[in-house]
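If you're matching them up, the sequences are chains H and W in order. According to my numbering, the first sequence is numbered sequentially starting from 45. According to my numbering, the second sequence is numbered sequentially starting from 183.
Derived by calculation from the structure, the hints in this document are not laboratory data. Here the structure is a predicted model, which is why all the values come from computation and not from measurement. From the three backbone atoms N, C-alpha and C, an ideal C-beta is built for every residue, glycine too. Misleading hints may appear alongside valid ones.
To be verified - The following label-pair restraints were derived from C-beta to C-beta distances:
# : chain 1 : residue 1 : chain 2 : residue 2 : range
1 : H       : Arg206    : W       : Arg287    : 44 to 54 Å
2 : H       : Arg403    : W       : Pro399    : 32 to 42 Å
3 : H       : Pro263    : W       : Glu471    : 50 to 60 Å
4 : H       : Val59     : W       : Arg287    : 39 to 49 Å
5 : W       : Ser291    : H       : Asp224    : 41 to 51 Å
6 : W       : Arg201    : H       : Gly437    : 53 to 63 Å
7 : W       : Arg201    : H       : Ala47     : 25 to 35 Å
8 : W       : Pro399    : H       : Gly225    : 48 to 58 Å
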Amino acid sequence: MSAESPLEIAERALVLSDGDTQVTVVRERSLLSRYARSAPTQATAVDDTSVEILSLRDGHTAIASTNRLDDDALRATAARAVAAARAAASSGAGTHPGLAEPSGEPPAHDGFDEATARLDPQLAAAALRAAFDVAAEHDLEAFGVWSAGDVQTAIATTTGLRLHDRVSDAFMKAVCRDRDGRSGYAVDAATAAAAIDPEALAHRAAAKVAAGPLAELGPGTYPVVLEPEAVGLLLEFLGELAHSGLAHAEGRGALDGRLGTRVAAPAITLTDAPAHGRTLPRAFDMEGIAKAPVTLIEEGFATSVVHDLHSAAIAGAGARSTGHATQPGGSPWGPSPTNLVLDGGEAADGAELAATIERGIYVTRLWYVNTVREKETLLTGMTRDGTFLIEDGRISRPLRDVRFTDSVLRLLEATEALTREQRLVTEGEFYGRRFAHGVACPALRAGGFRVTGATAD
Amino acid sequence: MAEPILHLLTEAIAAAPSRCSYAEARHVATDADDVLVRNGRVDHVDSDSVAGVGVRVRVGGGWGFAATREETPAAVQAALARALAIAESQPTAPAGALAPVEPARGHWSCGYELDPLAVSLEDKLELLFAAEAALRGDARIVRSEAECESRRVRTAFASSEGAACTQERVECGASIAVIAVDGDELQVRSYPSAHGGSGASAGWEHVLGFDLAGHAPRIAAEAIELLTAPPCPAGRATVVLDGDQLALQIHESIGHALELDRMLLGEAAYAGTSWVTAADLGALRYGSEQLHIAADATLPGGLGSFGWDDEGVAAMRTPLIEGGVLRAALSDRQSAATIGLERSAGCARADGFARQPIVRMTNVSIEPGSAGTLADLLADTGEGLYLETNRSWSIDDRRLQFQFGTELAREIRGGELGRLLRNPSYSGITPRFWSSLDAVCSASDWKLRGLGNCGKGEPGQLMRVSHGAAPARFRDVEVGVA
Numbered sequence: 045m046s047a048e049s050p051l052e053i054a055e056r057a058l059v060l061s062d063g064d065t066q067v068t069v070v071r072e073r074s075l076l077s078r079y080a081r082s083a084p085t086q087a088t089a090v091d092d093t094s095v096e097i098l099s100l101r102d103g104h105t106a107i108a109s110t111n112r113l114d115d116d117a118l119r120a121t122a123a124r125a126v127a128a129a130r131a132a133a134s135s136g137a138g139t140h141p142g143l144a145e146p147s148g149e150p151p152a153h154d155g156f157d158e159a160t161a162r163l164d165p166q167l168a169a170a171a172l173r174a175a176f177d178v179a180a181e182h183d184l185e186a187f188g189v190w191s192a193g194d195v196q197t198a199i200a201t202t203t204g205l206r207l208h209d210r211v212s213d214a215f216m217k218a219v220c221r222d223r224d225g226r227s228g229y230a231v232d233a234a235t236a237a238a239a240i241d242p243e244a245l246a247h248r249a250a251a252k253v254a255a256g257p258l259a260e261l262g263p264g265t266y267p268v269v270l271e272p273e274a275v276g277l278l279l280e281f282l283g284e285l286a287h288s289g290l291a292h293a294e295g296r297g298a299l300d301g302r303l304g305t306r307v308a309a310p311a312i313t314l315t316d317a318p319a320h321g322r323t324l325p326r327a328f329d330m331e332g333i334a335k336a337p338v339t340l341i342e343e344g345f346a347t348s349v350v351h352d353l354h355s356a357a358i359a360g361a362g363a364r365s366t367g368h369a370t371q372p373g374g375s376p377w378g379p380s381p382t383n384l385v386l387d388g389g390e391a392a393d394g395a396e397l398a399a400t401i402e403r404g405i406y407v408t409r410l411w412y413v414n415t416v417r418e419k420e421t422l423l424t425g426m427t428r429d430g431t432f433l434i435e436d437g438r439i440s441r442p443l444r445d446v447r448f449t450d451s452v453l454r455l456l457e458a459t460e461a462l463t464r465e466q467r468l469v470t471e472g473e474f475y476g477r478r479f480a481h482g483v484a485c486p487a488l489r490a491g492g493f494r495v496t497g498a499t500a501d
Numbered sequence: 183m184a185e186p187i188l189h190l191l192t193e194a195i196a197a198a199p200s201r202c203s204y205a206e207a208r209h210v211a212t213d214a215d216d217v218l219v220r221n222g223r224v225d226h227v228d229s230d231s232v233a234g235v236g237v238r239v240r241v242g243g244g245w246g247f248a249a250t251r252e253e254t255p256a257a258v259q260a261a262l263a264r265a266l267a268i269a270e271s272q273p274t275a276p277a278g279a280l281a282p283v284e285p286a287r288g289h290w291s292c293g294y295e296l297d298p299l300a301v302s303l304e305d306k307l308e309l310l311f312a313a314e315a316a317l318r319g320d321a322r323i324v325r326s327e328a329e330c331e332s333r334r335v336r337t338a339f340a341s342s343e344g345a346a347c348t349q350e351r352v353e354c355g356a357s358i359a360v361i362a363v364d365g366d367e368l369q370v371r372s373y374p375s376a377h378g379g380s381g382a383s384a385g386w387e388h389v390l391g392f393d394l395a396g397h398a399p400r401i402a403a404e405a406i407e408l409l410t411a412p413p414c415p416a417g418r419a420t421v422v423l424d425g426d427q428l429a430l431q432i433h434e435s436i437g438h439a440l441e442l443d444r445m446l447l448g449e450a451a452y453a454g455t456s457w458v459t460a461a462d463l464g465a466l467r468y469g470s471e472q473l474h475i476a477a478d479a480t481l482p483g484g485l486g487s488f489g490w491d492d493e494g495v496a497a498m499r500t501p502l503i504e505g506g507v508l509r510a511a512l513s514d515r516q517s518a519a520t521i522g523l524e525r526s527a528g529c530a531r532a533d534g535f536a537r538q539p540i541v542r543m544t545n546v547s548i549e550p551g552s553a554g555t556l557a558d559l560l561a562d563t564g565e566g567l568y569l570e571t572n573r574s575w576s577i578d579d580r581r582l583q584f585q586f587g588t589e590l591a592r593e594i595r596g597g598e599l600g601r602l603l604r605n606p607s608y609s610g611i612t613p614r615f616w617s618s619l620d621a622v623c624s625a626s627d628w629k630l631r632g633l634g635n636c637g638k639g640e641p642g643q644l645m646r647v648s649h650g651a652a653p654a655r656f657r658d659v660e661v662g663v664a
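The shape of chain H in the complex, shown without the other chains (with noise of 0.2 Å):
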């Protein structure tokens, strides 16, 4: 292990550059295990530190990265940062507004916790033990994960920034199953390993799993109860097609021409608070910029979208960065929000919600969402792992799993009530470098969920 810090090794990177530079230094420490039919399958454990170095000519980056430390690795990386800045500034002036400055210290957050930093293989088997145990007493077997990271991110520029953010996060997810193939789901996340009950979060899983006979639903629109993790899914593809600043600034944002109207039903207000106590914190993002809270819908109507710094410069207007890049010098696809936080209603639970609706869905999670039009928001995608008719106001019986064609913005447009709690939801899925995110959000009940079509045996 290296005894250098993170933001040490960034103030090396940073001698070693030529020019407007900023260096990331990213050190991620991993722990995962999954398991399947009541067994461990896979863990795994990463260290590892990755150097990123953007140059910056005339308004054109470039990013050299490597995962080794030594001067000349560092040296070699900045080269090739260097050159290809020059080589994209050779076509002529580009458009990135320049590196941040400094403006204080980011404001503090809670959501580092040494425990979980330790990442005790201990504790992962002691929370597979007890998702096993409880699958057990209800006669199914149990699959998901249990994880826990430690995340320090500094970054350093040549206008004098010095940042460093530690975060740790912990995720489980349990998955019930029994002999026919029912499921039930049931996900926890949060900044502590502590603060995810396995027993707790297994029998959540298990209380899904119901049996009997499948209903099934033909394609039509059916009054809906969604859970937090499927309102949350929801939300995080609304943050990508109609919050980005750059989609907006390219006219193919969701929003385009919206700003200021009604996109959705009074009880919705919806905001970005990297410091709510349900999300995962972070102090800075990827250009260096303070994390703030952003309003992005309030009591239904469209007030903002969120910018890094070179989606600010293209959109003028005064516009700035909010604190939302996602990689140094700014994502191609533009900025996006990853501490949403959707404001709760008055219902207790889901039970309540379901307890107006005639004739409905009630679903827990929704599996391969994907976009089918980005201006209408329209998105497909499945139900799993927990989906039931509602019937007379009552969660009734299992219902083959559907697929649904809707527009995320018209079921929030329809959105009738949500519950007082909200959860932090996440898929738990850390592709590339953790980024530990999620949605904290209540569950919802919408009218008019469009159904194209469901699963078969």
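Following the hints, put chain W in place on chain H, whose structure we already have.
Positioned in the frame of chain H, the structure of chain W alone reads:
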């Protein structure tokens, strides 16, 4: 460089304690660059050079894997110790055998003419600027882009069963794309395929063969035309899928469904299971008699081609479906042994040094048929829809119910392509859909197409695979569902 690294790995594995029934170490060094020109300017120029070692061990039935970026004996020994500690801390797991394998020895590399990482950045930018400029000209095009990527992956692998081998693979790809907007209407066109272009395990000659600038005016014009084209009608129709869309259809509704770990419920909590069970092998009718599918890791140019998979199993060709009947599955050593197969199908693949191998596709392709060229197939079809270039995709967790959208459809009228239709989509149930296949174009229209973003595993792994496909015809398909 390969010999010292291989020595490092073999020394580390030799130190694995006897209680460890199996151990392997894999070094992966990846050099890559990605260049994007967007809206007349260089959007980004990224280059990446990463390396590290992953150590995987088995104690009893429990697996442990630990990865480190440090390439020193001490760091690799520490990774081995960490992997052992993780394996031993876990609840008991069944200790089944692994399918036997001949120890991998030697070196393999893919063939290529022009090293894509040796092509200068200036040359890449010149090619991309020329292509991107040819996309612009109409104010309704709000985003135009041209992109290329190049990659070299060197691996070294050693195992406690005597494997000690090295491999080198070179890959590249390129694409152009536009987004056209008029009011609330937004349309997308891409070439040569959507989602980042069609990569191949090949040299820069692969990119030059695309003639991006030559195709750009057509792509831009089609995007504009789509803005006011009539919508694709809803109903049931005869559909001809172009090779690009058919490749994704194979990927989602055959490739993933035939991963043996999914059939055995190993992926039930994430990627999902399969409508196919291990008991179906050799008997299940998957589709019509026109359907012949093989997984072939020996195909030149495939992103799923290699000398050995990431468990050291030699590359092979495995017929998966013959005449519509299921014959075999994609497997690794553990899943193959679980159902009593004599050998793994050589499909264990890992995304970089920090991920462990899991069952993945290699190059899963439909065999060419006898329908002649696309023109021949259209002439034989008479009336229907021709669907081209994927735009959206979704399938359930058992790989049964799917819904796809393509960038465009064209009417087939009187055996020829007619007017453009916007927002086409189709859906189906996997075995019914493949049973409606009644014609596949011949070898002259068959091409290998790369997909670079196949997601699976926890922590997530993106795999690069290829699919050989030719245009094919399906009868009585539900269209216009979205």
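How the hints compare with the structure:
1. Arg206(H) with Arg287(W): 44 to 54 Å: For Arg206(H) and Arg287(W) the Cβ distance comes to about 50 Å; the hint holds.
2. Arg403(H) with Pro399(W): 32 to 42 Å: violated, 53 Å
3. Pro263(H) with Glu471(W): 50 to 60 Å: violated, 31 Å
4. Val59(H) with Arg287(W): 39 to 49 Å: With Cβ atoms ~45 Å apart, the hint holds.
5. Ser291(W) with Asp224(H): 41 to 51 Å: holds, 49 Å
6. Arg201(W) with Gly437(H): 53 to 63 Å: holds, 59 Å
7. Arg201(W) with Ala47(H): 25 to 35 Å: The hinted range 25 to 35 Å holds for Arg201(W) and Ala47(H), with Cβ atoms some 32 Å apart.
8. Pro399(W) with Gly225(H): 48 to 58 Å: holds, 51 Å
The earlier numbered hints that this structure contradicts are 2, 3.
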